[in-house]
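Residue numbers (my numbering), protein chains in the order written: chain A, 1 to 174; chain B, 1 to 295.
It is worth saying that the hints were derived from the structure and are not from the lab. Quick reminder that beta carbons are idealized off the backbone N, C-alpha and C, glycines included. Any given hint might turn out to be false.
[Said to hold, decoys possible] Residues from chain A shown here face chain B by an in silico Cβ test under 8 Å; the list is partial:
(1) Lys100
(2) Met133
(3) Arg134
(4) Ala138
(5) Gln144
(6) Asn158
(7) Arg159
(8) Leu161
(9) Ser162
(10) Ala165
(11) Pro166
(12) Ser168
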Amino acid sequence: MLLLAAALLMQPATEPPVDWDKEFGVEERVRDPATGELPVDPYVQSNANAGATPFTGSAMATAFGGQDGIRRIANRTVELSQADPRLAAIFQAHDMVRLKRTLFEQFCYILNAGCDYSGRDMASSHKDMGVRMRDMNALVENLQAAMREEKVGFAAQNRFLSKLAPMSRDVITR
Amino acid sequence: MDQSLFRSLAPVSLALFCISTPAAAQEASLVDGGKLLLTNGVTTIEGTSGGGVATWSTIAGRETDRGIGLSGHVTLIELPDYGWQSHGVAVGIANRIELSYARQNFDTRDVGTALGLGRGYTLNQDVFAAKLRLAGDVVYGDPLLPQISLGVEHKRNRDAPVARAVGAAHGSGTDVTLSATKLFLSHSVLVNATARLTKANQAGLLGFGSAGDDQHQVQFEGSVAYQLSRRAVIGAEYRTKPDNLAIAREDDWWDLFAAYALTDNLTVTAAYVDLGSIATFDNQRGGFLSAQIAF
Ligand code: HEM
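Model the full assembly from the supplied sequences, consistent with the hints where possible.
Written out as structure tokens, the structure reads:
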């Protein structure tokens, strides 16, 4: 950090600032007027991207309050994480509109509550984030808080987490 | 330093400070306290992390893979003829290595008189232990791959003459443990199995080995626990023990426990323990109470 700061300070002040986006031909990303989401690079959509096989039967969907409950849990998890000083830095730079939708779809698909998952797979969606074990634990705590608020029983919470825990292999990258 | 040079450097150092602060704030402190609640286990009678009586593959302290964790504990066991008190500290390094120390004090009360030691004679022992996580994670990763750890416990009985008088061959000894622990989230059940290579008589309080039996033996420690909530867990443990001494029978141990994380840093454990026969006094069943602070 100190070296970087020193390097920044040593740059001659006379040069005009470089527009790197223009330099590399980066297009400015514009939110979709209908969905409010930023575009992402093309990928193959598949339920397999959800990273887990769904539960069978309707018990888990019921325990989570159906699609309405699941949507509130997914949204709340994202909001708690955005506001969480341990995680804010990672979440800030990303599209939370899309994340709320895709996280809902993933939860809903895994809980067998009648959704398909249209997002990316876990490895490619987290690959450049540098997520560590402590970030994963913080996210789990936020998800637990969201599930508690929706009065999901603890055994059902853990059953759901049993589908997510193995994904740590794709999410924790350092 | 020259005054004017200092003055000209001051803004630079201030600028450096301002630039470096926000990024540094994102880094966790060394004592990161990021481990999931209860996944550091509770302190055992040997000062290692585990379930109270059985050692688990868990690593003490609340650190994750880049941090350092600390813990301290006090344990009391009230038995019909004896009183146990132990306390100690442990350090967890990067959720990989655990180093611990515990002091055990075993009050013989009236048994002391019967054994000719004097009323309330207390047997003391120091336990220095190290544990290395070899593979796996209690919670994450392959649901069928447990967290596996290898441990060494070096025990130094501070009353070696008494141990020898009851027939022990040594006043100190070293146990080796190999543990596998997994929380099966789908059932909220944690299972632990530990193999312990040991010569210890009554965990070492009556010394190690005997004239007739001075080999390390493999003993077994098993625990099954059910997670009631993020903060509460109940469980049962069983621990087999050698039976080396000629003058007194030694029984296997078992217990039923409940642990509760009162806060993220303070966990209390209460248990009903059956320690069987100790130095010819049978049916040593009683209460176990332990408090652990962890960061
Ligand atoms: C098992 C745990 C996790 C699951 C199931 C999960 C699930 C998801 C899903 C479904 C997406 C959307 C993928 C897409 O946009 O196509 C996503 C993206 C994201 N996740 Fe996770 N995640 C997990 C862990 C984490 C952790 C630990 C963090 C950070 C602390 C994190 C931060 C993010 C961020 C910032 C995005 C947005 C990525 C982007 O817009 O490019 N996730 N996650």
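Problem set entry | In rising order, the numbers of the hints this structure does not comply with | 1
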